[in-house]
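Participant: Generate coordinates for the entire structure from the input sequences, incorporating the hints supplied.
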Amino acid sequence: MSRFDPAEASALDIARAVAHGATTASAVVDAVLNRIASLNPVLNAFTDMTVDRARARATSIDARRAKGEPVGPLAGVPFAVKNLYDIAGLPTRAGSKINRELPPARRDSPLIERLEAAGAVLVGALNMGEYAYDFTGENVHDGPSRNPHDHARMTGGSSGGSGGAVAGRLVPLALGSDTNGSIRVPSSLCGVFGLKPTYGRLTRARTFPFVASLDHVGPFARSAADLAASYDAMQGPDADDPVCAARLAEPAAPTLAAGLDGLRIASAGGYFSRGLSSEGHAALSTVVAALDVTREVEWPEAAQARAAASVITCAEGAALHLDRLRTRPQDFDPAVRDRLIAGAMVPAGMVLQAQKLRRWYQSRVLQLFKEVDAVLLPATPCTAPRIGQETFTLDGVEMPVRANLGIYTQPISFIGLPVVAVPVPLTPLPIAVQIVAAPWREDAALRIAYALEERGVAAAPKPAVW
Amino acid sequence: MPSERLATARSVNGRYDAQILRNVPPPFASSTVENNDLKSEGEEAHPQKNSFNMSADSFDALILASASVLALPVDQAWYPAIRSNLEVTFRLAALVTAFPLPDDAEPAPVFRA
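Here the protein sequences come in this chain order: A and B. For the record, in the first sequence the residue sitting at position 303 is 303 according to our numbering, with numbers rising by one throughout. For the record, in the second sequence the residue sitting at position 10 is 10 according to our numbering, with numbers rising by one throughout.
Think of the hints as simulated: they come from the structure by calculation, not from any bench. C-beta: ideal position from N, C-alpha, C; glycine also. Check the hints yourself; a few may be wrong.
[As the list claims (entries may be wrong)] Just a few of them, taken from the derived set where beta-carbon distance is under 8 Å, the chain B residues facing chain A:
1. 63
2. 73
3. 92
4. 105
[What the hints assert, rightly or not] Ranges of calculated distance between the beta carbons of each label pair, as one might list FRET restraints:
5. B:112 to A:296: 35 to 43 Å
6. B:102 to A:296: 26 to 34 Å
7. B:105 to A:249: 32 to 40 Å
8. A:49 to B:102: 49 to 57 Å
9. B:70 to A:352: 16 to 24 Å
Facilitator: If you want it as structure tokens, here you go:
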């Protein structure tokens, strides 16, 4: 490129430029820190900055390169993490008022360690919905994260700061978490790529939990290649997370450009077409046409799956926070508190039945993946609602925004399937499509995402407001 | 708001008294819930099977009793929101429990030593 712009550059562009000496890690980090200082007062994506640490890290990378030492595949790439990831020296607030009184974390999350081992540079922590029980990106303690495409609109949540920071070109890479859709919903509303890997693929050690049996972690980026590169850097077993699979890394980047040959791709109607806005239909139709998909499969019992995920979520979430609800109820966001208190009162039999349905549903969906390799589904019912908007109209019925932004994401994370959310740059606001694959087949979903990008259908649009 | 009967059950120490449950009437036969969550074909397929008593009074009684035994300091002003959340969860749970599964269906998390 003739003029290197760290704000618009992809993570891999930055890494190449640093590795080849076209720029330095220090110059990239300084540019990013200046941009965050300039734009974060509007976007409210960051809650903490790690300025000294970032500059020291960048200096170290530049020194290693000067000595001819390897600097890693993500050399000098600035990144940030949802503030439920442990960062040494900071309390892990998890979007709450209560947790910021905790002692500072003594050690980074292993995903931060792995990204930094690949040369990336942590620049801060990102805004999120309180304790991740949120689809909006709003937070009563830290204020709402704001959508870079329209500052009056939601980012989606709960990884709202992650979606906003990447879409707003504050960082090329961010980490979030996804229990019922908290990576895919902000990916859709902010118009960026998001990966929710298979349950157990990436270690969740030293992140603040929400619903242990549903919690996933994963990256946001502005291209499929950046998503794959960061995902590859974070894979691998970890004894500190009992759920993390004992599987060696299965890198997705090497096959990213392999094309679509051999991949059987389908769409699904039924549940996934009900409540979908005209924008959602347009995005899905565009993707289906670009991939020349003609097959439509019947996804089994998605409504029941979504219902069961909701029951498990409220009960497990309430169990996690019961002591805090007893001792400090006034320090919660009232809306989160009241949901959690209700969850504490859900009979055990309902939760157990939901777990039984979960296994039955998994067996049915896995049957489906014997016939296809990936299924295309909507990510959110609509584009970004306004901040503070409490209801929207789906299929002519007025419904609560907060509870229904995740109607299409919940049935998928419920059984831990890998998903790439690909943004379709509609005007004036983007919206994403989910590419859902069989367990452990992130590579297939990423290949399709890359192909859509190559065909000009999927892209993370540049905000028009600056 | 919780019914007047339940609202008067608050004890002097700010917690609710489970004894008031003796005064709660038997379950109502019909639901009074107007739920705004997205409905689906699946719900229509099993409209009443395994349905729960969804009356406001029943939920208020559940809140009262649960708050007492769980030692949760629930303020009266929070009742409408908690009840609304319970209504949503119970309606979703009805969809789950109405779905026919065999008796030997295993729950998803299976412990292995």
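Participant: Kindly confirm whether 16 to 24 Å is satisfied by the beta carbon distance between residue 70 of chain B and residue 352 of chain A.
Facilitator: The hinted range 16 to 24 Å holds for residue 70 of chain B and residue 352 of chain A, with Cβ atoms some 19 Å apart.
Participant: Taking the closest Cβ pair, is residue 73 of chain B under 8 Å from chain A?
Facilitator: Because about 6 Å separates residue 73 of chain B from the closest Cβ in chain A, which is inside the 8 Å limit, the hint holds.
Participant: Determine whether the Cβ-Cβ distance between residue 112 of chain B and residue 296 of chain A falls within the hinted range of 35 to 43 Å.
Facilitator: For residue 296 of chain A against residue 112 of chain B, whose Cβ atoms are near 38 Å apart, the range 35 to 43 Å holds.
Participant: Tell me if the beta carbons of residue 105 of chain B and residue 249 of chain A are separated by a distance inside 32 to 40 Å.
Facilitator: Since the Cβ atoms of residue 105 of chain B and residue 249 of chain A sit about 35 Å apart, the hinted range of 32 to 40 Å holds.
Participant: So, as I understand it, the hint says residue 92 of chain B touches chain A; can you test that by seeing if any CB pair is closer than 8 Å?
Facilitator: With Cβ-Cβ at 4 Å, under 8 Å, it holds.
Participant: Take the shortest C-beta to C-beta distance between residue 63 of chain B and chain A; is it under 8 Å?
Facilitator: holds (7 Å)
Participant: If I claimed the Cβ atoms of residue 49 of chain A and residue 102 of chain B lie 49 to 57 Å apart, would that claim hold in this structure?
Facilitator: For residue 102 of chain B against residue 49 of chain A, whose Cβ atoms are near 55 Å apart, the range 49 to 57 Å holds.
Participant: Identify whether the interface hint at residue 105 of chain B stands, where standing means a beta carbon of chain A within less than 8 Å of its own.
Facilitator: Residue 105 of chain B check passes; min Cβ-Cβ to chain A is 4 Å, inside 8 Å.
Participant: Is it true that the C-beta distance of residue 102 of chain B to residue 296 of chain A lies inside 26 to 34 Å, as the hint says?
Facilitator: Since residue 102 of chain B and residue 296 of chain A have Cβ atoms about 30 Å apart, the given range 26 to 34 Å holds.
The structure meets every hint from the earlier list without exception.
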